[in-house]
Each structure stands twice: as C-alpha cells, then as structure tokens.
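**Q** Could you slot chain B onto chain A? The hints should help.
Protein chains in written order, with our numbering: chain A, 1 to 198; chain B, 1 to 198.
Incorrect hints may appear among the rest.
Claimed, not checked - DSSO-like, lysine-lysine: derived pairs with alpha carbons at most 27 angstroms apart:
#, chain 1, residue 1, chain 2, residue 2
1, A, Lys-23, B, Lys-23
2, A, Lys-24, B, Lys-124
3, A, Lys-23, B, Lys-165
4, A, Lys-24, B, Lys-35
5, B, Lys-43, A, Lys-35
Everything labelled a hint here was simulated from the structure, so no lab data went into it.
Predicted, not measured: the structure shown is a model, and the values here were computed from it.
There are 2 protein chains.
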Amino acid sequence: MKNGVDNIERMVDILSSLPTIGKKTARRLTYFILKQDIEYANKFSSTLLDLVQNVNLCKVCYNFTELEVCKICQSEKRDKSKICVVEDPSDVSYIDNTNEFSGLFHVLHGVINPLNNINAEDLKIRELINRLQGVDEVIIALNPNVESDITAQYLANLIKPLNIKVTKLASGIPLGTSIEYSDNATISRALEGRVLVR
Amino acid sequence: MKNGVDNIERMVDILSSLPTIGKKTARRLTYFILKQDIEYANKFSSTLLDLVQNVNLCKVCYNFTELEVCKICQSEKRDKSKICVVEDPSDVSYIDNTNEFSGLFHVLHGVINPLNNINAEDLKIRELINRLQGVDEVIIALNPNVESDITAQYLANLIKPLNIKVTKLASGIPLGTSIEYSDNATISRALEGRVLVR
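One chain only, chain A, in its complex shape (with noise of 0.2 angstroms):
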C-alpha cells in the first residue's frame, strides 16, 4: 500500500486497462470521481452493472440489444431485402445515424485475420448465410484494409453463388479533405472506383 492510497491505485489501473486512456488520464479521471459527491460513483456503478447485466447480442443480428431480438430487427420499417455486413456493434449506429441505409445489419464480431489466428468460423458468417432467404442485396460495410478486404472477398465468395448481390463501400478521398492530404493508397483506391459525371 503505497502512501496508503492502494484504492487510488487499482482505480487507476483499471480505467487505464480501458482503451485510449492512459495512466495519466486515468489518474486525472480517479481524481475528478473522488472529488464528486458519492451518488456518483453510485451511480457510475450500478449503470455499469445493469449494463453488462442486460445487454446481450441479438438472437438474429448479433448487435448488442437489451431484448432477444433488437428493434431493428423487429422493425416493421426497415427493408427486408437488403442486409448490411459489419465488423463491430459500434459499426451500427455510425452507419445507421447517417438514415441513408435503411435495411437490416448483420455484425461479424471481427474480421478474418490468419495472423492473429481469426478464421471464417470465429465470426458470425454461418449465421449470416443462415437469414439470407428473400435478401437480394449484402452490403459489406468493413473498415478498408487487408484482412477486410479478404474477409469481403471470402463472404463474396459464398453470397453470390445464391444469386445474391453482393457490393461494398465506396473508398476514396473523405469529404472536407483534399487529394494533397490523401496518401498514396486512398488516391489509388479513389481513382480505381472513379464515377461518371452526370
């Protein structure tokens, strides 16, 4: 027990075991809670535990919902017969926000990645063939990189035999920046996906 302040210390590890936050931020971080009132740590806590307690992954989807199947998937809204592949929960409301899609999800939980020893059948791409009846298009909605790339391939591979559409995002130089702040990859990729003006 170092100067007696051992609960400063194992708060400190274990906000820094969160990713982006270092040691320092989470020193910074166990300071600001120890000069709040005890409500909210109490707070803090309990919102924690209900959570982890009542969150689980939907029976369908795989994204993260309170219930056995989510509010998309249940939604008698959203277009049946277009299905858009993610990586991570997270994936979701990113793209979702944006009200441009308004199929169903599918999340993966990962991407194929021999490397560090993540196969086909680590992610949730059985489940993925298994709800495909009656969809007419897959988007494939991953992170532009290597192992997505061949993750995308690899589902490509066993959609389109079903006569299924399979597309992915767009790549190519984002909004707000400019060509001279692009690197060389993503002027390639844009150059490669270039679109007819109308």
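**A** The following block gives chain B in isolation, referenced to the frame of chain A:
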C-alpha cells in the same frame, strides 16, 4: 428506449461526464466493456465503490488517503520544516515522484478565483496557517496563471509576518522545448527569473 439500448446510452452518458472523454470515446469504451467477460465489469464496479468508500482527506494536509493521517504526514523521514502548497491532490504525486522534495505537502483544493466566486475561505488556507509551527519555508507550487499568482500573493501576505520564508516554483522555458516554440509570457518570465551561471 432507442433501439432497446437504453443501458448503453446511460453508460455512454456517464462515461462522457468524465473530463477529456467525449461522446464518441465514451461509446467506444462502452462497447469495449461489453466485449469483456462479466468479471471485468464486476471488478470495475467494486473498485469504484471501494475507492469512494475508503478514500478520504488527510486531517493534516488534505491530500487523499485511506488513513486518518496520510503516510507522508506520518513519515519520520520527511523534513517537517518545509511545506509545499499545491492546488490539487494530484499535484502531490507529480511533485513527490521527482524525489527532489522531502518535506510535507498541503493541498488547498483550489485557488482564489473571484470570477467563479471562490474566495480564500473556500480553500484550506486557515488549515495551512494553523500548521506552520516549526516550519521555516513554505514553497508555493501552483500552476502558473493569474489566479494562482493572486493566491500566492495572498498566502505570502499571511505567512511572511510569521517570519517564515515563502518561495514559489520557478517558471520559465520547459526542458526539451526551444525558445522558438515558447510564448511571449513564458519568455518574459524566464528572463525575469534568470539565474546566475556559475
């Protein structure tokens, strides 16, 4: 309940109430917690409750401690003739980690800031004055800004009549940076506080 993820939104809200954590990071951290096994959240929650239930303010220096009087104040090895005055409990560990100072600390829990209605009575100033018996130097280690300068002057006016030396941290160009990247006020302070080369 938006998409049946009420608990997720509540977790995002409480995480983003922490300093330096925005909504997007909070969401990322929430999904990270959901991906860990339930033991992680249980440990997080109990660490948080242990923290606020066991950590209180030292009766002497007002630093955070789990004891009645903190280890630094209790230590036989510390030089009891010097007190280093800091704004926040976190400053104690930053200064103590340098191993340059072997005296005692005193935490003010703020600085005088008339614009935010923080006056001398709101700080642990009276408690500092009451523990000056046998002290021959008070080192004011506040962050270099206007409010701290006012506070330092206020403390000096109270303490100097007691025949105790009052010093403050040198302010100037930080190690590892250059004059080129320092602002005018910092360069002025460095000139003002110039020291003899021996």
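**Q** State for each hint whether it applies.
**A** For each hint, the structure was consulted:
At most 27 angstroms may separate the alpha-carbon atoms for a hinted pair to count; Lys-23 (chain A) and Lys-23 (chain B) meet this at roughly 21 angstroms. For the suggested pair Lys-24 (chain A) and Lys-124 (chain B), the alpha carbons sit about 25 angstroms apart, so the restraint of at most 27 angstroms is met. In summary, the hint linking Lys-23 (chain A) to Lys-165 (chain B) is not supported, as the alpha carbons are separated by about 36 angstroms, beyond the 27 angstroms threshold. The suggested pairing of Lys-24 (chain A) with Lys-35 (chain B) holds, with an alpha-carbon distance near 24 angstroms, which does not exceed 27 angstroms.
This hinted pair checks out: Lys-43 (chain B) and Lys-35 (chain A) have alpha carbons roughly 21 angstroms apart, not beyond 27 angstroms.
The structure fails hint 3 only (numbered hints given earlier).
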